[in-house]
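Participant: Letter by letter, the chains look like this.
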Amino acid sequence: MRRGRMIQALRGVSLGIEPGEVLALLGPNRAGKTTLLKILLGLCHPSGGRVFRLGRPISQRSTLARVGYMHENQAFPRYLTAAALLGFCGQLSLVPASVLGARVPALLEKMGLTDRAHEPIARFSKGMVQRLALAQALIAEPDLLVLDEPMEGLDLGARRLLQEIIDEQRHAGKSVLVVSHALGEVAQVCDRLAVLVEGRLAYLGSLSSLLRDPDTGGVRTLEAALGKVYRS
Amino acid sequence: MNVRCNLGFLKHLIQDTFRQALASGICWMMLVVTAVCVVFCLSVDVSGDVALHSDGEPVFFLPSPPDHSFVPSAGASQQVRLPLETDPALARREGVETISGRMTLAFGAVSIPVSRERSDAVHFLQLILASGIAGTCGLLLTLVWTAGFVPTFLDPSAASVLLAKPIPRWQLLLGKYFGVLAFVGFQLVVFVALTWLALGVRTKVWDVAYWWSVPLLLIQFAIFYSFSVLLAVVTRSTVACVFGCILFWLLAWGINYGSVMARHMPQSQYLPASTVALAQASYWITPKPIDAGLILFNALNAKEHFEKPSVYKLVESGPTFSPQLSILSSLVMTGALLALSTHEFRTADY
Numbered sequence: 001m002r003r004g005r006m007i008q009a010l011r012g013v014s015l016g017i018e019p020g021e022v023l024a025l026l027g028p029n030r031a032g033k034t035t036l037l038k039i040l041l042g043l044c045h046p047s048g049g050r051v052f053r054l055g056r057p058i059s060q061r062s063t064l065a066r067v068g069y070m071h072e073n074q075a076f077p078r079y080l081t082a083a084a085l086l087g088f089c090g091q092l093s094l095v096p097a098s099v100l101g102a103r104v105p106a107l108l109e110k111m112g113l114t115d116r117a118h119e120p121i122a123r124f125s126k127g128m129v130q131r132l133a134l135a136q137a138l139i140a141e142p143d144l145l146v147l148d149e150p151m152e153g154l155d156l157g158a159r160r161l162l163q164e165i166i167d168e169q170r171h172a173g174k175s176v177l178v179v180s181h182a183l184g185e186v187a188q189v190c191d192r193l194a195v196l197v198e199g200r201l202a203y204l205g206s207l208s209s210l211l212r213d214p215d216t217g218g219v220r221t222l223e224a225a226l227g228k229v230y231r232s
Numbered sequence: 233m234n235v236r237c238n239l240g241f242l243k244h245l246i247q248d249t250f251r252q253a254l255a256s257g258i259c260w261m262m263l264v265v266t267a268v269c270v271v272f273c274l275s276v277d278v279s280g281d282v283a284l285h286s287d288g289e290p291v292f293f294l295p296s297p298p299d300h301s302f303v304p305s306a307g308a309s310q311q312v313r314l315p316l317e318t319d320p321a322l323a324r325r326e327g328v329e330t331i332s333g334r335m336t337l338a339f340g341a342v343s344i345p346v347s348r349e350r351s352d353a354v355h356f357l358q359l360i361l362a363s364g365i366a367g368t369c370g371l372l373l374t375l376v377w378t379a380g381f382v383p384t385f386l387d388p389s390a391a392s393v394l395l396a397k398p399i400p401r402w403q404l405l406l407g408k409y410f411g412v413l414a415f416v417g418f419q420l421v422v423f424v425a426l427t428w429l430a431l432g433v434r435t436k437v438w439d440v441a442y443w444w445s446v447p448l449l450l451i452q453f454a455i456f457y458s459f460s461v462l463l464a465v466v467t468r469s470t471v472a473c474v475f476g477c478i479l480f481w482l483l484a485w486g487i488n489y490g491s492v493m494a495r496h497m498p499q500s501q502y503l504p505a506s507t508v509a510l511a512q513a514s515y516w517i518t519p520k521p522i523d524a525g526l527i528l529f530n531a532l533n534a535k536e537h538f539e540k541p542s543v544y545k546l547v548e549s550g551p552t553f554s555p556q557l558s559i560l561s562s563l564v565m566t567g568a569l570l571a572l573s574t575h576e577f578r579t580a581d582y
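Heads up: the sequence lines are chains A and B, in that order.
Note that this note's numbering gives residue 118 to position 118 of the first sequence, counting from 1, and the numbers run on in steps of one.
Take any residue in the second sequence, count from 1 to its spot, add 232: that is its number in this note's numbering.
Think of the hints as simulated: they come from the structure by calculation, not from any bench.
Some hints here could point you the wrong way.
A few chain A positions that, by computed beta-carbon distances, are all more than 12 angstroms from chain B [to be verified]:
{"id": "1", "residue": "Pro28"}
{"id": "2", "residue": "Leu37"}
{"id": "3", "residue": "Lys38"}
{"id": "4", "residue": "Gly42"}
{"id": "5", "residue": "Cys44"}
{"id": "6", "residue": "Phe52"}
{"id": "7", "residue": "Gln60"}
{"id": "8", "residue": "Gln74"}
{"id": "9", "residue": "Ala75"}
{"id": "10", "residue": "Phe76"}
{"id": "11", "residue": "Leu80"}
{"id": "12", "residue": "Ala117"}
{"id": "13", "residue": "Ile139"}
{"id": "14", "residue": "Glu141"}
{"id": "15", "residue": "His171"}
Quick list of simulated restraints, FRET-style, between CB atoms [to be verified]:
{"id": "16", "chain 1": "B", "residue 1": "Ile517", "chain 2": "A", "residue 2": "Gly12", "range": "41 to 51 angstroms"}
{"id": "17", "chain 1": "A", "residue 1": "Pro96", "chain 2": "B", "residue 2": "Trp402", "range": "47 to 57 angstroms"}
{"id": "18", "chain 1": "B", "residue 1": "Ile360", "chain 2": "A", "residue 2": "Gly112", "range": "51 to 61 angstroms"}
{"id": "19", "chain 1": "A", "residue 1": "Arg78", "chain 2": "B", "residue 2": "Val564", "range": "32 to 42 angstroms"}
Glycine included, every Cβ here is placed at the ideal spot set by N, Cα and C.
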């Protein structure tokens, strides 16, 4: 529901993410990917169905302390410094101040932003803002990391860093949900794919089984297979 | 969440509002207005005044002679009207003691005769500063300047990450509201402290009653700003907040004035009972800027120095007027507006 206008964005979608799994949520524009994400994060209220976050109903906001979220087009307050932003986000995620004191510099170093820690975000390039957005998503060492179009605006080095972080999360037994509209961006990092088309779940499975799927006709490229799923 | 966590979070939102005000230049604009007023206060000088009463003696209001002239007692049949300030020597010969004090403003550029005590002149300036500059122009300007704070905070691309944290939404909204109040409170303290000091240094009149303007004006701002917050939550538009707030301020003035008139005007007896009841109901549920002006007038002890404006006399003579009830009912309305805002914010989709 949006300002009196009812939009049915999702219909009969049922999926889950296991610990230590990286799930890529794909689909064309207006497929309902972001809506699904927003429902999971408590930003939107579903009109029906059941949604669980880390095993608890989404109405329990305390579980959000264990979730990290990187927004697609993040607009941080331009007057904040990188360090102040991470401190604030950590506080909102209920991370104790004593822990934040060590974690903020460590994350800034990991993202290559140590020398810009005390500069206002207004002076940051888009790629630096994306790296900062990733840092704030990791500030609470989340059990579920949600990344909305994370590759946007990242250079090659930052993309490699993102892949490393996703791998780290997987090996640490944590779940990662990556939302994208381009398969090529997530193919190397995901364990499973969920494809949304017009609000319905069109495919859920591994990459290899997508290529083997008789419905996709044994196509040779991932993009072609995905195109077949979109059209099915 | 424990209390310590809540306080830390509130502290951060207050800091965030100060940073926002600094970055947007609003903090500096408000400080410039304060600086202009301080320079004005430093330009004030009072000389030649006479104490009309000794310390501890009660002060009574002394009305000024009409058209600033006096009538000599000699030759009552032949009345000669002489300006009081033009020939004090003649007045003294006539047995009339005149006071030829002067208050100069703008470092002597403007000179105003003072026929009473210097504290009257200072109280007059304090009343202008608190009621006119800060209470009317300052309040409106601050409402306009801070109108963008909450909509910017609630912009989806900025707020999504904050809303995806475990902090309840109502705490985020109220935290920002109190952050803005803290910023405005800080600016008010700076304004009052510096103008009080400047006037005190120049005139040697140190009246602490002037400090009452800080809480009273902050309450007024808090009342009007709660409506701005509601508009911000509903529309997420700075423009809507600016114009909505100004309209609400004008509406509150109109309702307050209308309800006073409905009670006291001779023609009001011909008004339908339903109209009078509606005016009274509107009076209780909207902010009351005229009441607030009267409360500030009394708090500054201005009634000991000047005649009360007629509208204030009308308000005070009303059977139901009570400063405490007036403020309390406005605060209840503020609470209701904030509750509505938090409810709307809690259920809004981002």
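Participant: Going through the earlier hints one by one, which of them does the structure break, listed in rising order?
Facilitator: Hints 2, 3, 4, 5, 7, 8, 9, 10, 11, 13 and 17 contradicted; others consistent.
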